[in-house]
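Undergrad: The listed protein sequences correspond, in order, to chains A and B.
My numbering numbers the first residue of the first sequence as 137 and each following residue consecutively.
My numbering numbers the first residue of the second sequence as 98 and each following residue consecutively.
Treat the hints with care, as some may be off.
[Unchecked claim] Have a look at the derived ranges for each label pair, beta carbon to beta carbon:
| # | chain 1 | residue 1 | chain 2 | residue 2 | range |
| --- | --- | --- | --- | --- | --- |
| 1 | A | 153 | B | 113 | 15 to 25 Å |
| 2 | B | 142 | A | 164 | 12 to 22 Å |
| 3 | B | 102 | A | 215 | 42 to 52 Å |
| 4 | B | 139 | A | 239 | 14 to 24 Å |
| 5 | B | 102 | A | 211 | 43 to 53 Å |
[Stated by the list, open to error] To give an idea of the chain B side of the interface with chain A (calculated C-beta under 8 Å), a few residues:
| # | residue |
| --- | --- |
| 6 | 112 |
| 7 | 113 |
| 8 | 126 |
| 9 | 129 |
| 10 | 140 |
| 11 | 143 |
| 12 | 190 |
| 13 | 196 |
| 14 | 198 |
By construction, these hints were calculated from the structure, which means they are not laboratory data.
Glycine included, every Cβ here is placed at the ideal spot set by N, Cα and C.
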Amino acid sequence: DSGVTQTPKHLITATGQRVTLRCSPRSGDLSVYWYQQSLDQGLQFLIQYYNGEERAKGNILERFSAQQFPDLHSELNLSSLELGDSALYFCASSRTQGATNEKLFFGSGTQLSVL
Amino acid sequence: GENVEQHPSTLSVQEGDSAVIKCTYSDSASNYFPWYKQELGKRPQLIIDIRSNVGEKKDQRIAVTLNKTAKHFSLHITETQPEDSAVYFCAVYNYGQNFVFGPGTRLSVLP
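Pulled out of the complex, with its shape left as it was, chain B reads as follows:
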């Protein structure tokens, strides 16, 4: 089955700096890659996603890049703010299969 690794497990950055979280997956047939942000005690919220026919997608300060050949995709957050502090989960989906989540990255943005 699909195996998703996520690095780093924890990340601390200064406010205003950029943060990058990377996920690797094993099944080359996977074709949808969402990212979720989870604040303490809250539900995971979909913040950005990318499909296999696209290499990069941006939404204001966040972006996701996909390298299908190398089977990895990354979340990029620029100009980080304290409210970006949360746990971020990547996920991988193969049409007709299931969503497989990475173990999560705890991001702390220091003021």
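Next comes chain A alone, as it looks inside the complex:
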């Protein structure tokens, strides 16, 4: 167990709908990252938050948004869902930025199926 908690594990929804994925980082970790992994593909970086602030953006669609709350948990909101958004969404956390002992740990992921 990595200590990073993601809910829900599975999500089935229809096109055009909106969903929220939740992530709780490891205790003491301030940075949260979101990744999208389509079938048999690599890890596509979406966005990173550090202590509540957005720090880096990857190839995140405008229909997607995220935030990190004061208790450091994060939510990824996906709206106007399309079939192509079906993927495994991972959250990962790390202790801080700029630290010399930085390590990245992944949650178990949320499998999103858009029908």
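Model the placement of chain B on the given structure of chain A, informed by the hints.
TA: Relative to the frame of chain A, chain B by itself:
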């Protein structure tokens, strides 16, 4: 920005043989290099990592070597077993920046 290449994309070895996966990166300021193993439908798991002040690190059957001058690092798995079959991702990190992942290598260990 940082660019990470990973080779080969697929690798098949006989059980008991060794496997080597190589990653190259572009930013000479990068200083932390982890490797992740991902089994089907599971989360990527950190299996070994190396920092820029070290040339080699071992943990039982796995090892990582780093050549900072040439900007490449490699994962070595010896005495491979069927349970080593998975997708392996390398990553590169620069303090204060972001983790950049390679595209992955699918390793199959044939019994």
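Undergrad: Determine for every hint whether it applies to the structure shown.
TA: Right, here's what the structure says about each hint:
1. A:153 - B:113: 15 to 25 Å: violated, 50 Å
2. B:142 - A:164: 12 to 22 Å: holds, 20 Å
3. B:102 - A:215: 42 to 52 Å: violated, 34 Å
4. B:139 - A:239: 14 to 24 Å: holds, 18 Å
5. B:102 - A:211: 43 to 53 Å: Once the Cβ atoms are compared, 33 Å apart, the range 43 to 53 Å for residue 211 of chain A and residue 102 of chain B is violated.
6. 112: violated, 24 Å
7. 113: violated, 27 Å
8. 126: violated, 13 Å
9. 129: holds, 6 Å
10. 140: Since chain A brings a Cβ to about 4 Å from residue 140 of chain B, closer than 8 Å, the hint holds.
11. 143: Interface hint status for residue 143 of chain B: holds (7 Å vs cutoff 8 Å).
12. 190: holds, 6 Å
13. 196: holds, 5 Å
14. 198: holds, 5 Å
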